[in-house]
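Line by line, the protein sequences are chains A and B.
Following my numbering, the numbering of the first sequence begins with 6 at its first residue and continues without gaps.
Following my numbering, the numbering of the second sequence begins with 201 at its first residue and continues without gaps.
One should not assume that every hint holds.
Stated by the list, open to error - Once the Cα atoms are required to be at most 25 angstroms apart in a straight line, the calculated DSS-like pairs of lysine-lysine come out as:
| # | chain 1 | residue 1 | chain 2 | residue 2 |
| --- | --- | --- | --- | --- |
| 1 | B | LYS308 | A | LYS57 |
| 2 | A | LYS49 | B | LYS270 |
| 3 | A | LYS76 | A | LYS46 |
| 4 | B | LYS270 | B | LYS226 |
| 5 | B | LYS256 | B | LYS308 |
| 6 | A | LYS57 | A | LYS45 |
| 7 | B | LYS270 | A | LYS46 |
| 8 | A | LYS72 | B | LYS308 |
| 9 | A | LYS45 | B | LYS256 |
| 10 | A | LYS57 | A | LYS72 |
| 11 | B | LYS308 | A | LYS41 |
| 12 | A | LYS49 | B | LYS269 |
| 13 | A | LYS27 | A | LYS14 |
| 14 | A | LYS76 | A | LYS45 |
| 15 | A | LYS14 | A | LYS76 |
| 16 | A | LYS14 | A | LYS41 |
| 17 | A | LYS49 | A | LYS76 |
| 18 | A | LYS57 | A | LYS27 |
| 19 | A | LYS45 | B | LYS308 |
| 20 | A | LYS72 | A | LYS14 |
| 21 | A | LYS24 | A | LYS14 |
| 22 | B | LYS270 | A | LYS45 |
| 23 | A | LYS27 | A | LYS49 |
| 24 | B | LYS308 | A | LYS46 |
| 25 | A | LYS41 | B | LYS226 |
Unchecked claim - Covered stretches of chain B, going by a simulated chain A footprint (3 or more residues, C-beta under 8 angstroms):
| # | segment |
| --- | --- |
| 26 | 208-217 |
| 27 | 230-236 |
As the list claims (entries may be wrong) - For each label pair, taking beta carbons as the anchor points, the in silico distance ranges come out as:
| # | chain 1 | residue 1 | chain 2 | residue 2 | range |
| --- | --- | --- | --- | --- | --- |
| 28 | A | ALA103 | B | GLY259 | 37 to 43 angstroms |
| 29 | A | LEU88 | B | SER228 | 33 to 39 angstroms |
| 30 | A | SER25 | B | GLU310 | 27 to 33 angstroms |
| 31 | B | SER228 | A | GLU63 | 25 to 31 angstroms |
| 32 | A | ASP35 | B | GLN214 | 40 to 46 angstroms |
| 33 | A | ARG114 | B | GLU217 | 29 to 35 angstroms |
| 34 | B | SER258 | A | SER10 | 23 to 29 angstroms |
| 35 | A | LEU59 | B | ASN218 | 42 to 48 angstroms |
| 36 | B | GLY259 | A | SER10 | 25 to 31 angstroms |
No lab work stands behind these hints, which were simulated from the structure alone.
Glycine is no exception: its CB is placed at the ideal position from the N, C-alpha and C atoms.
Residues per chain are reported as follows:
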Amino acid sequence: DTAVSQTPKYLVTQMGNDKSIKCEQNLGHDTMYWYKQDSKKFLKIMFSYNNKELIINETVPNRFSPKSPDKAHLNLHINSLELGDSAVYFCASSQDQATGGSFFGQGTRLTVV
Amino acid sequence: SQQGEEDPQALSIQEGENATMNCSYKTSINNLQWYRQNSGRGLVHLILIRSNEREKHSGRLRVTLDTSKKSSSLLITASRAADTASYFCATVTGGGNKLTFGTGTQLKVEL
Chain A
6 DTAVSQTPKY LVTQMGNDKS IKCEQNLGHD TMYWYKQDSK KFLKIMFSYN
56 NKELIINETV PNRFSPKSPD KAHLNLHINS LELGDSAVYF CASSQDQATG
106 GSFFGQGTRL TVV
Chain B
201 SQQGEEDPQA LSIQEGENAT MNCSYKTSIN NLQWYRQNSG RGLVHLILIR
251 SNEREKHSGR LRVTLDTSKK SSSLLITASR AADTASYFCA TVTGGGNKLT
301 FGTGTQLKVE L
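With the rest of the complex left out, here is chain B (with noise of 0.2 angstroms):
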């Protein structure tokens, strides 16, 4: 079965506003990552949050990660509308090596 659910599974904003899209998982993570895939794409690495971080930032995304909640969150700021794409949090547990996916959230940024 899938390690998280996103939420919401679609989002759809105006150029210049914020998206937030939310993951929660099931076990203990090693850590927490973000991919972006563009419409008919391969996946993109956007951003690697540890179980022992709390938030990190990259230009204009910030991760949070609540381990307690098993939860995290993709805040991105000033949103583009080539921002438009689906966004997926993947987990990876223990000492493995693979990546457990999240439903995704298809985010629609309109100019």
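Extracted from the complex, chain A is given alone in its bound form (with noise of 0.2 angstroms):
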């Protein structure tokens, strides 16, 4: 069973769109987040949810609107895609980053056209 599992792997779709990706987790963790990477491989948190609450917003641009329905999940809302967006977007999950590190998604590949 995949631990953090997010969908879909891949999306490709215009500028000015509205699209969402979303992340499950089975391993029981309180601690959800998710993560942007660019093109030259920089990791960057953008949210990060414990319990359903939002505990951390990056200075993310408020196009991007998380959603946690239960701690087990996390979804990620995109309204008004610009090309800038395109990028691997990682969800993760964590018990305690004190403690054990995070467990992350496969990534999914946002394409802006």
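Two chains, two frames, a set of hints: combine them into the complex.
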């Protein structure tokens, strides 16, 4: 069973469209994250949720809206997509960053044309 | 801005050789973690070293941490072609729950 799964794996869409990426973890972790990896492989956190509550929001445009219906799911909705949104988006989960690492999904490669 | 800078950016070695990657960071940390990313895949957690630890081992991996120099190194001994990947250090600061990643080292192990 995949620990952290995100869908879709690839997403190609036109500028101006709205799209969603879904993420689910079956590890029982309390905290979930969205990270963005750009074309130079820089990874940066976007959001973090703990037990469905937003705890980190890192200066992300408000076109990006995360939603956590329960602690096992964290979805990312993006409005009015722009060319610069093209990147790989990773979902991750962790129980306690002080003692253990994060588990990452396989990534969603978003291409905006 | 990125918390960590990694050095070298790219490393190419022969199978059986050791590979060393370095990571420097800017602020006090709670712990430092190393991750591997195979091409087109997600990140895999390799090892975590706490700020009060100086060295840690896991299989062929050896991690050191020097908090006075704000730096860490990852040594992979007896490398294999399957070790070819990008390696990232990531720090956790204070009571925070987020990872701040370094710039990554691209390792290529040739047969």
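Hint check:
1. B/LYS308 with A/LYS57: violated (40 angstroms)
2. A/LYS49 with B/LYS270: holds (20 angstroms)
3. A/LYS76 with A/LYS46: Violated. A/LYS76 to A/LYS46 sits at ~28 angstroms, over the 25 angstroms cutoff.
4. B/LYS270 with B/LYS226: holds (7 angstroms)
5. B/LYS256 with B/LYS308: The given pair, whose Cα atoms are some 24 angstroms apart, holds under the 25 angstroms limit.
6. A/LYS57 with A/LYS45: violated (31 angstroms)
7. B/LYS270 with A/LYS46: With Cα atoms ~23 angstroms apart, B/LYS270 and A/LYS46 stay inside 25 angstroms; holds.
8. A/LYS72 with B/LYS308: violated (38 angstroms)
9. A/LYS45 with B/LYS256: With a Cα-Cα distance of about 29 angstroms, the restraint between A/LYS45 and B/LYS256 is violated, given a limit of 25 angstroms.
10. A/LYS57 with A/LYS72: holds (8 angstroms)
11. B/LYS308 with A/LYS41: holds (24 angstroms)
12. A/LYS49 with B/LYS269: Given that 25 angstroms is the threshold and the Cα spacing comes to 24 angstroms, the pair holds.
13. A/LYS27 with A/LYS14: holds (10 angstroms)
14. A/LYS76 with A/LYS45: Not OK: A/LYS76 and A/LYS45 at ~31 angstroms, beyond 25 angstroms, violated.
15. A/LYS14 with A/LYS76: Cα-Cα ~22 angstroms, so holds.
16. A/LYS14 with A/LYS41: The hint holds at about 14 angstroms.
17. A/LYS49 with A/LYS76: holds (22 angstroms)
18. A/LYS57 with A/LYS27: holds (15 angstroms)
19. A/LYS45 with B/LYS308: Holds: A/LYS45 and B/LYS308 sit about 17 angstroms apart, inside 25 angstroms.
20. A/LYS72 with A/LYS14: holds (19 angstroms)
21. A/LYS24 with A/LYS14: Cα-Cα ~13 angstroms, so holds.
22. B/LYS270 with A/LYS45: Judged against 25 angstroms, a Cα distance of about 24 angstroms means the pair holds.
23. A/LYS27 with A/LYS49: holds (19 angstroms)
24. B/LYS308 with A/LYS46: Holds, at about 16 angstroms.
25. A/LYS41 with B/LYS226: holds (21 angstroms)
26. 208-217: Coverage by chain A is violated for the segment 208-217 of chain B (0 residues, Cβ < 8 angstroms).
27. 230-236: holds (count 4)
28. A/ALA103 with B/GLY259: 37 to 43 angstroms: With a Cβ separation near 23 angstroms, A/ALA103 and B/GLY259 fall outside 37 to 43 angstroms, so the hint is violated.
29. A/LEU88 with B/SER228: 33 to 39 angstroms: holds (38 angstroms)
30. A/SER25 with B/GLU310: 27 to 33 angstroms: Hint violated: Cβ distance 41 angstroms, outside 27 to 33 angstroms.
31. B/SER228 with A/GLU63: 25 to 31 angstroms: violated (20 angstroms)
32. A/ASP35 with B/GLN214: 40 to 46 angstroms: Given about 44 angstroms between the Cβ atoms, the range holds.
33. A/ARG114 with B/GLU217: 29 to 35 angstroms: The hint (29 to 35 angstroms, Cβ to Cβ) holds, given that A/ARG114 and B/GLU217 are roughly 32 angstroms apart.
34. B/SER258 with A/SER10: 23 to 29 angstroms: Holds - the Cβ-Cβ distance for B/SER258 and A/SER10, about 26 angstroms, lies within 23 to 29 angstroms.
35. A/LEU59 with B/ASN218: 42 to 48 angstroms: At 43 angstroms between Cβs, range holds.
36. B/GLY259 with A/SER10: 25 to 31 angstroms: With Cβ atoms ~27 angstroms apart, the hint holds.
Going through the hint list in order, the structure does not satisfy hints 1, 3, 6, 8, 9, 14, 26, 28, 30 and 31.
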